[in-house]
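Visitor: Just so you know, the protein sequences line up as chains A and B, in that order. In terms of our numbering, the first sequence opens at residue 36 and continues consecutively. In terms of our numbering, the second sequence opens at residue 833 and continues consecutively.
Take the hints with a grain of salt, since some may be wrong.
[Said to hold, decoys possible] List of simulated lysine-lysine pairs, DSBU-like, C-alpha gap at most 30 Å:
#, chain 1, residue 1, chain 2, residue 2
1, A, Lys209, A, Lys183
2, A, Lys155, B, Lys843
3, A, Lys183, B, Lys865
Because the hints were derived from the structure by calculation, they are not lab data.
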Amino acid sequence: MTNMAILELIGLGKNFGQNVAVNAIDMSIDEGEIRGLIGPNGSGKTTLFNMITGFLNPTKGRIIWKGTDITGAPPHVVTKLGLGRTFQLTTLFRDMTVLQNVIMAHHLHIRTSLWHQFLKSDESRQEEEEIEGMSLALLEKMGIETRKNEIAGELPHGYQVALGIANALATDPKIILLDEPVGGMNPVETDETMQRVKTLRDEGITVFLVEHDMRAVMSTCDKITCINFGNKIAEGSPQMVCSHSEVIEAYLGEEVSCSL
Amino acid sequence: MVMARNNNIQKAIGLIILSAVMVVIPFIVSGYKVDFLTMLMVNVILAVSFRVITTTGGWSLAHVPMMGAGAYATALMTGRLGIPFWFSMPLAGLAAGLIGLGISYPLRRTEGFAFFVASFAAGEALRLCWIRFKVPFGGHQGLVVPPPKLISGVHWLDFSEAIPYYFLALVVTVLCLLIMHRLDGCRIGSTFKTIESDENLARSMGINTYRYKMLALAIGSFFAGIAGVILAHRLWAIEPTQFGFSTTLYLLVWVVFGGTKTFYGPILGVVVLSIIGELLRPLADWVPMVYGIIIILTLIYLPGGLESLASRIGIPKGKAWKIRISTEDK
């Protein structure tokens, strides 16, 4: 596979009033890679995600998606272009069942008009059946099909994360942005989740993830970017980044070994 | 499966009994009570159409003025322009719907408290127009509304009488409820609910939430307008104070008391509270205080509203997420 940049950030920055949350970040993510984004709390990781997915308008800089400038496009348009995401805490509708969640997440697959949906015409019913089939397949892939009729908000944490990823995958993303996918998980759950992330990559989905769990990041990512105070301080292979003096000083501390 | 079928049979029997009661009741109660029931139906349409908007997460304080928009529109169309009632009713609904669509454009970006305040301002602006522009809205005095003439010359169809008008209102109410029930049960209704649940997540799924919120506000306003038409043609006169904030407060009380998670919640709220209000009529000025106490008790002991009683006493769940007790609402 040729290493073509699928997502490029050029001098991307965001100010909240006088505070500089992100300061001119340049970054380029290749198709088919797993990219990790690390950095201390408040370094601008989530702000960066929110700018890429259209939830925040950048103060400066550009976002280039497959060669097209998508800076300032609203979230639903960004999603349609093929950028899926999960959110830091939960990526699910708490009151709905697991299956209902994934069915709603297939919104972009709807081809029939609102009028047909209202009338529940044959086309609309057929479409709903297809979407239900796709949703069940997706739940099976994420290993939560046995939980399909449970209320999403009452699931154990690990399953909620799996459902969140299923919800993001339902939009057929080319790249998926995962905001702390293994936060609050035990080591077994972490390994399972990271295994799933690798499976996604093998299926051709580029992965861009924010994570604090260094063991997970080191063992999964092809390349890691570290930011601090809104500036990129290091980028490269996991070994290179975790032996980088600035990264150690700002984020890792001395005790983390690179042998992982 | 058997459970579900039994449930459906029970529902069907319940509906048949209800419709029989609704058909028989105007002939056995006094004329005043018939008008009470007509107004009750107006309020049912108002509360259910309000829920269309709340399913997208916004509690619009402009909803009662939207009912007023329908009332004023039909007053002008039938009174000044001589348009027959049959045409003025849908047109007045459409007028209210268009105004709703208009105010939804600036409102679509607001959430929570900001939506509350902005929608209140929009509604009051509309009401001030009726007061300020004496032509054509009649200022504080308001407008006279002619009783509807449906088929001229047929005497038993005289809609200035309580009982024929009751049946007219009944047919319109049933139609409105059927349409809104379908809307709630189809994918559009579910999409509305995703916005209430988590708007950002809905957007990240490719849902154009601004567009859906505007749609909900327009549809809700349309049906509020229809309620206004039924109201105006029975009162024969309308004025701006009828659509003021105190009416909005009643609407909020009904809906909080009934609950908004299910389609039936607001209906329950309106019906039960209106009947209580009617029974307490001898207490006169004390009624608002009784309402206040009911609301406080509801919020403390039954935060999901009357509808949540169903899941508490173990009525089988249809779609579980539809009748969840909303104790952990943000």
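Visitor: Looking back at the numbered hints, which does the structure fail to meet, lowest number first?
Guide: Structure breaks hint 3 only.
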